[in-house]
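So the protein lines, in turn, are chains H and C.
Numbers 1 to 254, taken from the working numbering, label the letters of the first sequence in order.
Numbers 1 to 254, taken from the working numbering, label the letters of the second sequence in order.
Just to be clear, a hint being listed does not mean it is correct.
Which copy is meant is left open, because identical chains are indistinguishable; a pair holds if it fits in one copy or across any two.
[Claimed, not checked] Under the rule of at most 35 Å between Cα atoms (straight-line distance), these lysine-lysine pairs were calculated in the DSBU-like manner:
#, residue 1, residue 2
1, K221, K2
2, K228, K178
3, K228, K44
4, K17, K234
5, K167, K23
It is worth saying that the hints were derived from the structure and are not from the lab.
The model shown is predicted, which means the values in this text are computed figures rather than measured ones.
There are 2 protein chains.
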Amino acid sequence: MKRIESPQNALVKHWKKLVTTRKERDKSEEFVVEGFHLVEEALKQKDAVLALIVSDGVEIPKEWSIEGIHIVEVNQIVAREIAETEQSQGVFAHCRQPEHAEETFASYKKVLLVDAVQDPGNVGTMIRTADAAGMDAVILGKGSADPYNPKTVRSAQGSHFNIPVVKGDLFEWVNRVKEANGLVIGTGLQNAVNHSTIEPQAQFALIVGNEGSGVDPELLKLTDKTVKIPMYGKAESLNVAVATGILLYAYSVK
Amino acid sequence: MKRIESPQNALVKHWKKLVTTRKERDKSEEFVVEGFHLVEEALKQKDAVLALIVSDGVEIPKEWSIEGIHIVEVNQIVAREIAETEQSQGVFAHCRQPEHAEETFASYKKVLLVDAVQDPGNVGTMIRTADAAGMDAVILGKGSADPYNPKTVRSAQGSHFNIPVVKGDLFEWVNRVKEANGLVIGTGLQNAVNHSTIEPQAQFALIVGNEGSGVDPELLKLTDKTVKIPMYGKAESLNVAVATGILLYAYSVK
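Kindly produce the complete structure, drawing on both the sequences and the hints.
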């Protein structure tokens, strides 16, 4: 077992950058998850785990399957250095970002397309919700929060290891779904029908958009239907992750 | 128009405490909202606004109805002192917490009961969602985040000024709804039916619970039905605000 005690260690510096900067995550295609629950989820995808990082005083739960996993022991100074939260549990996994080959894309029958949703917590909650609703993949278009931002990872509660999360061009994805005869459903206010008028679908894409400006109008031109969720009180809109939950449970599930 | 330039001013100290401590908010039954959107929402309930606070360089939009509103001009030092966010817009409203008389409680036909939901963002999103779904009130039981925490207020996007948000004893509220022949719907995993088996209701209470431990089992003993939202993928659960959205749109809306 390897042990690291200096925050100046090159690997510690790399971990810290993975936690704090998108640039480092994009360049290396790696990320760090923190806390017992997320590390346990990561370990279910052993290929993704480059190292299990354990702070002094933290015991690895007996039920974890850690055979073949590279373990790095660190002191509390190093643990604090890479911790995202103040109440850190002192356990981390240094992970590879899962890759998803283009050949598999045709197998995704139900996809959530995320257009420039900026809040990492919203994006993470949407990944978790898409997983729960039985979606096949989440596609993040330009301008969306980094799916490997620690806040996104925390909000997704491990769903990154359950369903493909793919960065891609949403126009290409809309065409892909149309060519496969799936229904492309946009969300918006103009020319929109009440969301409950559409039945559950075996094959579809749902497009949700930016917290302030919604889905790109150019994308909405390409959809088969645009839906809106009616407001029955005085609120002007729903949180985008809540709206996504209502819509995915309406269309994904029979 | 009053002008304040010193962060040592007693009123500025009071505002700062309202932003940072629950104790001050509870004791004074006041709170502070920040940013153009929230201040505009607050101004729709003029009785609630004790003062409109405007920083140097910020112009009050012409369409705001500010007749009779007490305006305090502050310099940027004071504005920074009371700002919750780094990208502050320099406009605030010092507000009274709306009061809701017990005599009005019987008029609430559809209520969301929140049992110890701890995250302020979740509680705020749930208030916004309850408003959107046409609920009559949100009742926060013991252990829930302060509805007047700045994060809660921000997530609720002004819905505090649209529907009653009441701190109360959830056992009393369950009894109140039962006595009025409303359906009391709990959320949980044991003895639970699929959420979609229950029809929209003209009169009901929905109880949602803590992020980790769910609804208090003692409360669930008193419900008419316990519902669960099925998991179709590998996620273990939904975010509580997303689950609340799915359930409120299933039961509140015909």
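Now the hints, each set against the structure:
1. For a Cα distance limit of 35 Å, the shortest separation of K221 from K2 qualifies neither inside one copy, at 55 Å, nor across copies, at 51 Å.
2. Proximity of K228 to K178 under the C-alpha cut-off of 35 Å is found in both arrangements, the shortest distances being 21 Å within a copy and 34 Å between copies.
3. Only between protomers do K228 and K44 lie at most 35 Å apart by alpha-carbon distance; the minimum there is 26 Å, versus 37 Å within a single protomer.
4. In the homo-oligomer, the alpha carbons of K17 and K234 lie at most 35 Å apart only across protomers (30 Å), although the nearest pairing inside one protomer, at 43 Å, exceeds that limit.
5. In the homo-oligomer, the alpha carbons of K167 and K23 lie at most 35 Å apart inside one protomer (15 Å), although the nearest pairing across protomers, at 45 Å, exceeds that limit.
Checked against the numbered hints given earlier, this structure breaks only hint 1.
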